[in-house]
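Kindly generate the complete structure, drawing on both the sequences and the hints.
Numbering (the numbering used here), first residue to last: 899 to 1089.
Incorrect hints may have been included.
With a straight-line cut-off of 25 Å between C-alpha atoms, the simulated PhoX-like cross-links for lysine-lysine are [as the list claims (entries may be wrong)]:
1. 1037 / 958
2. 907 / 924
3. 1037 / 984
Across the chosen pairs, the derived CB separations fall in these ranges [stated by the list, open to error]:
4. 923 / 985: 44 to 52 Å
5. 962 / 1055: 34 to 42 Å
6. 1004 / 925: 24 to 32 Å
7. 966 / 1026: 40 to 48 Å
Don't read these hints as lab results, they were simulated from the structure.
For every residue, glycine included, the Cβ atom is placed at its ideal position computed from N, Cα and C.
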Amino acid sequence: MVARSRTPKDLFTASQIARFCQVDLKTIHNWADRGRIAHFRTPGRHLRFRRPHVLDFLRKYGYPIPEELDAARPRVALLLNEGALKERVVECLHGAFDIAHYAEPLDGLLRIGEHPPDAIVLAARVGHLSGPEVIEALKRGSHTEHVRAVLFADGERERQAALDAGASAHVGQSDLAGLRDTLEALMGVRH
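Pasting the structure below:
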């Protein structure tokens, strides 16, 4: 089941970023060329910026978050095996995020490849795969490398494996308030 309120704007142009930062367009091109802001180029060589990267950049350099970025609720996909845990997570995140959850976590993986969310929350095991294996696969794909991954990990080995695989964060399975705080920080959601 996928719950959505509206589709947030995912991509921004160099002109929009220049407007957000109140700088010249050439400055944005220079920053992109120097690697200060994550970007990609269209086949026509135009710069494009993903919402999470724009938020990271603006926060890092102390720019205010424009309403255009702040108004959209980030999409979070849940890849969790346990139904009870999934229900508790949905209840905890409801309101601040658009949540996609699936009957089967492996079905969710297929959907994520088609329509990447801003972040995923996953269990230490997703079907027959480990959470870190899923994260590594996401980070290898050019279409999904920007997706933030938060792993439910209670053991130190699981935590370290998640970070080594490219996870943005890890939280204990019982720390749902910590999960919400972590996602809000990663996505730039204001309280």
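Status of the hints after comparison with the structure:
no., hint, result
1, 1037 / 958, "holds (22 Å)"
2, 907 / 924, "holds (23 Å)"
3, 1037 / 984, "holds (24 Å)"
4, 923 / 985: 44 to 52 Å, "holds (47 Å)"
5, 962 / 1055: 34 to 42 Å, "holds (41 Å)"
6, 1004 / 925: 24 to 32 Å, "violated (44 Å)"
7, 966 / 1026: 40 to 48 Å, "holds (41 Å)"
The structure does not agree with numbered hint 6 stated previously, though it agrees with all others.
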